Amino acid sequence: AALPPAKRAELAGGEKPTPWKDVTGYNNFYELGTGKEDPARNAGSLRPRPWTVQVDGEVKRPQTLDVDALARLFPVEERIYRMRCVEAWSMVIPWDGIPLADFVKRMEPTSKAKFVKFTTLEDPAQLPGQRRHVLDWPYVEALRIDEATNPLPLLALGLYGRVLPGQNGAPVRLVVPWKYGFKGAKSIVRITFTEEQPRTTWNEAAPDEYGFYANVNPAVDHPRWSQARERRIGEFFRRKTLPFNGYGDQVAQLYAGLDPRKLY
Amino acid sequence: MAASTPTPAAEAATSATPAPTAPAPPRAAGAAPPPSRARRAGGRRWLVPLAWALGLLPIAKVAYDGLLAPGLGANPIEKVLNRLGFWTLTFLLLSLAPTPARAFLGISWPVRVRRALGLLAFLYACLHFTTYVAVDQFFDWQIIGADLARRPFIGVGFVTLLVLAPLALTSSDAMVRRLGHARWKRLHRLAYAAGVLGVVHFLWRVKKDHTEPLLFAAAFGTLFALRGLDALRRRLVRRAAGPRPGASLSGRGAKVD
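As they're listed, the protein sequences go chains A and B. Numbers in my numbering are just positions in the first sequence, counted from 1, shifted up by 324. For the second sequence, position 168 matches number 149 in my numbering, and the numbering has no gaps at all.
These are computed hints drawn from the structure, not numbers from a lab. Check the hints yourself; a few may be wrong.
Stated by the list, open to error - To be clear about the criterion: a stretch of chain B counts as covered by chain A if any three or more of its residues have a C-beta under 8 Å from a C-beta of chain A, and this derived list gives those stretches:
(1) 53 to 60
(2) 118 to 128
(3) 131 to 138
(4) 183 to 190
This structure is a prediction, so every number in the text was calculated from the model and none was measured. In this text, a Cβ means the ideal position worked out from N, Cα and C, and glycines have one as well.
I would like the entire structure built from these sequences, with the hints used as guidance.
So, in C-alpha cells, the structure goes:
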C-alpha cells in the first residue's frame, strides 16, 4: 500500500538510500528471530491491522488511537536519515511518518511528564521470538521528554513511500536518528508519559554495554567492539562514525553539562 | 595384561619369562584392534579424499553464494566471517569425536579421517582470520592491534588460532615419529583448549542469543567427559589386573591409547 508523503526532508547529507531489499532484509527485531534474516522470514505472523496505540500516564488526554487515525493526525512526512546500529553497521533510510514532537504536544503532557516510554506488542502468536526469553518482553524503550519534543524523532509508518513491513516494526515504530538503532522501539502498542525514568530493555539486559541515552558516540567503545567506525551496508570500507550520527547541530544542546563520555 | 591368565602363579611365570611369540595387542571384548599400517593403506582408501571433498564444500558454498544468484545478503563480510567461524568449530568438534567413537562404540574408521578433520578446522580458522584482516579490516594494522589488545573476544579468537597452529604443523606421520607417540599425544590434547577458547570467542561475540555457542559448548563438554570416562575406565581395568612386578606405579612411559 502506498503512503504518499506531504513533505520531504533529505537529512543524510545527500547520500543515496540503502536499497529496499537490504532495509527490509537485514533487521534486528528479536521478536521475529535473532538472525538478521529471520525477521523478514517470520514477519508473516504479525498482523499490523487493525492496530491501536494506547496513550496513557502523565497526559491530559489519555486515549486509545487507531493506527490509521494516527496517520491522519498530522501530514505524513518523508525523512531520509542515517541509521546507525550499535553493532557498527549503518544504513540510509527514507522513512515516512509523523513527527513525534507534534504527537507529544497533541497529547498534552502534564508538568510531571519527564519521560516518554514506548512499549512493543507482547504476543508470542504474532511475535514468535517472544516464546524464548532472549530479552525481558515486552520490549520497552524511552526518551527524555525534551528529546521526544526535538524536531528529529519520527513515529514511522512507512518506508520508501510504502507502509512499514512487519520486519521493520509495522505498523508504527520510533526513529531517533542520533541514537543507536535499538532505541527505535518497533510495533508500538503503548506510549506512556512518566515522571520517573523507565527501565529500558537493552539497558536492563546489559547495563555496561547499552546505556539509557545510547547516543551514537565514536569516542565510547562498546566493551566488546569499537564504535569508532562503521560499515555502511553496501560499502566495502568502513567509514568513521560521526558524533550523534552527524546530527549534533540539532541535538547536542540537549546534553549540555552531561559528561560526553557517559553518552552511550 | 592378558585377560586369559588363569592363576597368579601362571601370571608370575609369564611375566618372568619372555613370551615365546610376539606380544599380541590385547583383545578386550568391545574394543576393536588398532588397524595395522597394512590395513590402513588397504581398504577404504577413499575415506580421506572424501573427508576433504566434503570438508571443502562450505568454502564452495560461500564462493557460489558470493559470485552467483543467491548472494550473501546485506552484510556479506559479516556472513562470510560467521560461516567460516562456524565451520572452524564444527570441524574441531568432529576431529575430537573419532577417539571416543572408537572407545565407546567400537567404530574405528573415523580415526582414519581425524587428521583431515583437524586440518580442515585449521584451514577454516586461517580463512576466518584472513577474512577479518584482509576484508573486514582491510589491513588496518592499527585497528587490528587495538582489537587484539582491547577486545577480549578478538584476542581469544587469535589465541585459538595460535593454539591450533602447532597441531597442524605436527600433523604428519614424520612429526609423530619425531616427537614420539606419547609426547605427540600430549601436545594434541591442546585441541580441547582450542575448543574451549573457540567457544568463548563465539560466546563473547554474540550480542544476546547464546543458543549456538552453548550448543557447541555442550558438544565439546560431552566429548571431553567421554575422554575422561574412558581414561578412568582404563585406569580401573589396569588396577583390577593388579600391579605388574617391577612396573612403576605411576605408569609413566606406558602406552595408553
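Looking at the structure, which of the earlier hints fail to hold? Every hint satisfied by this model.
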